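Asks: Whole structure, please, built from the sequences with the hints as guidance.
The primary structure of each chain is shown beneath.
Protein chains: 2
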Amino acid sequence: MADYNDLQKKVIDLGKLTLRMTTEAGSGHPSSALSLAHIVTALMYRIMRYNPRDPWLNSDDRLVLSEGHAVPIVYAAYCDLGGVVGEPDRPKQLTSEDALTLREADSLLDGHPNPAIGFPFFDAATGSLGQGASVAAGLALAARLDGLDRRFFCLIGDGESREGQVWEAMDAIVEHKLTAVLPIFNSNGQGQSDYVSTQQSPDALQAKLTAFGFDVRVIDGHDFEQIFDALTAQPGEKPLAVVAKTVKGWGVSEMTSSNYHGKPLREDQLADALADLDAKAAELGVADVSAPASEVAQLTSPDPVPLNRRPSVSAGPFRAACDAAGMGKALEKNVLSTRRAYGAALLALGGDPRVVATDGDVKNSTFTELFAQAYGDRYFEARIAEQNMVSMALGLAAAGKIAFASSFAKFLMRAIDQIEMAAITNANVKLVGSHAGISLAADGPSQMGVADVAFFRAYAHSKRTDGAPACRVMLPSDAMSAFKLTELMANLEGLCYMRTHRPDVPIIYSEDESFTEGGYKHLHDGSDLVIVASGYMVHVARQALALMEANGLDASVIDVYALPLARPDEILQIGDDCNGQILVVEDNYRGGVADELAMAAAVSDLGVTVHSLVLETMPKSTKSPEESLRAAALSPQHIAEAAQAIFDSIA
Amino acid sequence: MADYNDLQKKVIDLGKLTLRMTTEAGSGHPSSALSLAHIVTALMYRIMRYNPRDPWLNSDDRLVLSEGHAVPIVYAAYCDLGGVVGEPDRPKQLTSEDALTLREADSLLDGHPNPAIGFPFFDAATGSLGQGASVAAGLALAARLDGLDRRFFCLIGDGESREGQVWEAMDAIVEHKLTAVLPIFNSNGQGQSDYVSTQQSPDALQAKLTAFGFDVRVIDGHDFEQIFDALTAQPGEKPLAVVAKTVKGWGVSEMTSSNYHGKPLREDQLADALADLDAKAAELGVADVSAPASEVAQLTSPDPVPLNRRPSVSAGPFRAACDAAGMGKALEKNVLSTRRAYGAALLALGGDPRVVATDGDVKNSTFTELFAQAYGDRYFEARIAEQNMVSMALGLAAAGKIAFASSFAKFLMRAIDQIEMAAITNANVKLVGSHAGISLAADGPSQMGVADVAFFRAYAHSKRTDGAPACRVMLPSDAMSAFKLTELMANLEGLCYMRTHRPDVPIIYSEDESFTEGGYKHLHDGSDLVIVASGYMVHVARQALALMEANGLDASVIDVYALPLARPDEILQIGDDCNGQILVVEDNYRGGVADELAMAAAVSDLGVTVHSLVLETMPKSTKSPEESLRAAALSPQHIAEAAQAIFDSIA
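Keeping their order, the protein sequence lines are chains A and B. Residues are numbered in the numbering used here as their position in the first sequence, beginning at 1, plus a constant of 10. Residues are numbered in the numbering used here as their position in the second sequence, beginning at 1, plus a constant of 10.
In short, the hints are calculated from the structure, not lab data. It should be emphasised that the depicted structure is a prediction, and the values quoted were computed from it without experimental measurement. It is possible that part of the hints are untrue.
Any copy will do: because identical chains look the same in the list, a pair fits if it lies in one copy or spans two.
[As the list claims (entries may be wrong)] With a cut-off of at most 27 Å between alpha-carbon atoms, the simulated DSS-like pairs for lysine-lysine come out as follows:
| id | residue 1 | residue 2 |
| --- | --- | --- |
| 1 | Lys248 | Lys26 |
| 2 | Lys187 | Lys273 |
| 3 | Lys633 | Lys102 |
| 4 | Lys339 | Lys273 |
| 5 | Lys273 | Lys633 |
| 6 | Lys633 | Lys26 |
| 7 | Lys19 | Lys473 |
| 8 | Lys531 | Lys248 |
| 9 | Lys473 | Lys633 |
| 10 | Lys273 | Lys343 |
Replies: So this is what it looks like as structure tokens:
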């Protein structure tokens, strides 16, 4: 039996530091942290193949802390090990003193794991629970693709494992045979407001994991012998999962005498707690071991693998891509849906090995299928599990991939919290939501993405630390713009969302048009008023224009194909030249392009009026896009009448 | 062995009608529908205790069609049975002819189940997958509370069962011992874009359900003997689940020869398919049975139970409620957080037995705990599974409860698709998201609800069929308004969302203030400009006002406590009286109150300028709300400086 005295001593020291840093911070989760003290120490000082001085190896083993609130113990270890933070060109080495800056405004030790502020030891922001195993699955898919022997240790709370996404991830890990992922369930038996349900007991977790297809080991999470045995075991055919029985607040009597969650010790409680840990050390017979950190740590560091995070990817010419996608016939008629054009673009982009894709069992609707057929090794079927899909895409992106993830826009929204965590992470994920708006018609409201524009616009106006939008939103109206915006997304670092539509529509742009971040197109030049539209509604607006022209009304038409608008004032200026009247038409709920322009108009000196026709009723099934538009008062006739009324009102 | 010849014949007839109605509609899912033909026939003609002529009994057995796309077979049966649709005061009896109106604009037979348009056989809009079992769990909780012997049959697709929420629901059903729910997994082996994963095979489902704590029966879903045996079995201690092996497109060779999903037969394919079903009938030896519908159906109808959907609920006086909640000491200091006031209000509302509550293991943070302690039989701990929590609340509401569901605002957002389905259903669910905004400070962005206002405002501007907002949004700034808005929510029929904050704040309203839908309060009357705020930012605005007054600037302050604003023009008028200058301050992302007023200003003749300071950076941890506000450029100083700059610009 190995002697773990030096590690036991380390556990005591890290435990003390954890108590001190959370008390100093005045908040945090020391009890959860202590329950992981032995496992984290074993991983970070011995088991993981990595280099704390270079967290950018891209070939090392990684820790995914799904239960993000337990992070103080990881910070304590990383600081003790002299771990490096910051950016590759501006690295900064931490010391134990830095641990005491936890949660300070200018500290990189955020309340929960957050790589985007400069803590590259982590791949994903966590803390909204249940997402880590999916991230680990994405990292493992990328590693297999790159032929890298990496392992991904994922720490999941027992209470957390009530989240359905955890089981979506378990399905994905087993189905894709991702033996590089080791899910470790921290069974300390306590949640925030109550003890953990018997549905998440160690026995229940063991039974469930076995049923899902894992080899399962149940261990004492404070016994190094058992920890090393399980965490260094080579998985066989099946992936391995570990259920670790632990004690919340290990070693501190104040925390172990009742359910103790999510609060630090007061200053006046600290001395007793530190004495508790000293007593624990004595009890374990390790109080005299005083090896310095460098000797306790026995780590091997893999050779680094370079990561090109700012790739230039080309989809080539539109028509060649459409021909390759078997869409030549559609082009002859000059009609093609935006979703098909996305499929053609993704297929063309697939020439670059960094491009990967995933989809939620609707790839034949989103047209991600074309990529899946051509590049099967880089396509990962996510099945009907959108939350796992998005977090898995985050993991793929963290490993250097340009990760596309698609579903119906409506169904992507159920992963909005995972999407928000991807925004916080600044993940290089490209989301594509198809069948958006009400042009889906017959399937009805349960399948229609009509809140998506408002949701993503909220993120679009949040700025990353580099000043770029936390999410770029693409709203293509035709196949050409969808094609070029897909290419643009692939070349933009960070989170993007593109909205595509079901129906075939005329191709209105030529190959030589260019599409840029936050851009718009002035499609038709009129003088009486301006109609602004996006996506499918651009075509409806054009039909309205024909009706208006028959009535002698001459409107400008503008296609807003991206948010946030880079230069909304230009559109206001066009409105100013058209009697100061703008009418925005949208097939989505309030919060989209009309609000974008109203926001700009509200602080503009031009005095432009921004009218809007947006979806303001709950849609239901109809048999055609035209009927749905009529029912929602968004038909060409409705638009033409609204335009006429505006014109009459100023006459 | 019983003779099922009449039911076999019914299956053939309903199968034919399903083919006709989907071909007539030009879209739909006949193959999924046919896989359920026997199970649905057994349920709707024999097993369920209900009355097709009165779907408003509130005491009957219910069918929850989680895989909503299979709905044509249910419509076919319901039309054949002369089922009633519409409203209780305007009932309409269907005929088989009505089945052919599927998906028409003025038909109540929507593409997917949708009770809100007048199809009361269903309790919930479904079609976004994975939500039905949670709804059934909510219905069963309500039935147990009401002492009603009802059963809830829930049909779930095998591919659908990849959704994590399905397993959240299974945990909830087992933990709450909801033997009244019978989950039936339709294992037809085919998804939309591919065959169903081996992770969702009948064997895998059986193993998983067993591990989750169910007694499981695996049956042939086209064998009436086995269907009746399983679906009428009395569960023992454990809940029962059924895995039904079925054939997608049962009886139609065109559909069974390959993966056939989500498309109707063409007109020219119909005759062959109908002939296939006739041949199937002959093969089963039932072609000669021609019993009329009324004889095939052998149904028992329970006595009706009245349902009061428009209750008047009172929380009583604020101070008495706070005393009862043990908050007397806080009142002495005149400070109380909005989340505590919500807890006090919910406790007070608990005097009405229709009020129920659920929470996602943060009830000691949201203060739903007060209700849980006082009314344990009406509190349902949802654990860390927000999606199941929201859909379960929908089920509770469908059974006549006033269902409150709470979590951190950030974590509620992960159920946004379930919330949208509740909006489509027009469910009487009251959502409360706590720890919203950036005043949470130390915990960092993974715990902060900062996109919630934009999300819910999108729904707030969608109108129900009765013209009311699909969601009312409440943004209380102090304990009094939080208390009264909680009471208002309980009295409003339909979906509501209230946003509460962590910190204690001064109580600024007196007991005699009233709070109404879409309202605001003119807190301070100034003349130089108007500051508009909501929630926590009202207090920040008041601090800014003090700074501004020191600089000789006299601003009006308005508290917008609800969206959609009923009379935004009144606020614009106040702005017009204050040099035409409004400054909106928000601790959330773009898409909230500033956009609400900009939208109004953009069509107003008043020419009011709407400036805004909203959260436009990704938050990180800090040690105090004040530091977070400073980091986000939303501090009192920032507001005062922005106000001064606005004033200077017009001087």
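Asks: Each hint should be assessed against the structure and marked as holding or not.
Replies: Against the structure, the hints come out as follows:
1. Lys248 x Lys26: neither (38 Å within a copy, 45 Å between copies)
2. Lys187 x Lys273: For Lys187 and Lys273, neither the intra-copy (39 Å) nor the inter-copy (33 Å) Cα distance is at most 27 Å.
3. Lys633 x Lys102: between (61 Å within a copy, 23 Å between copies)
4. Lys339 x Lys273: between (65 Å within a copy, 23 Å between copies)
5. Lys273 x Lys633: Between. Shortest inter-copy distance 14 Å satisfies the 27 Å Cα cut-off; intra-copy 56 Å does not.
6. Lys633 x Lys26: Cα proximity of Lys633 and Lys26: across copies only (21 Å, versus 67 Å in one copy).
7. Lys19 x Lys473: neither (44 Å within a copy, 63 Å between copies)
8. Lys531 x Lys248: neither (54 Å within a copy, 62 Å between copies)
9. Lys473 x Lys633: This pair counts as between: shortest inter-copy Cα distance 22 Å, intra-copy 41 Å.
10. Lys273 x Lys343: between (65 Å within a copy, 24 Å between copies)
In this structure, the hints that do not hold are numbers 1, 2, 7 and 8, in rising order.
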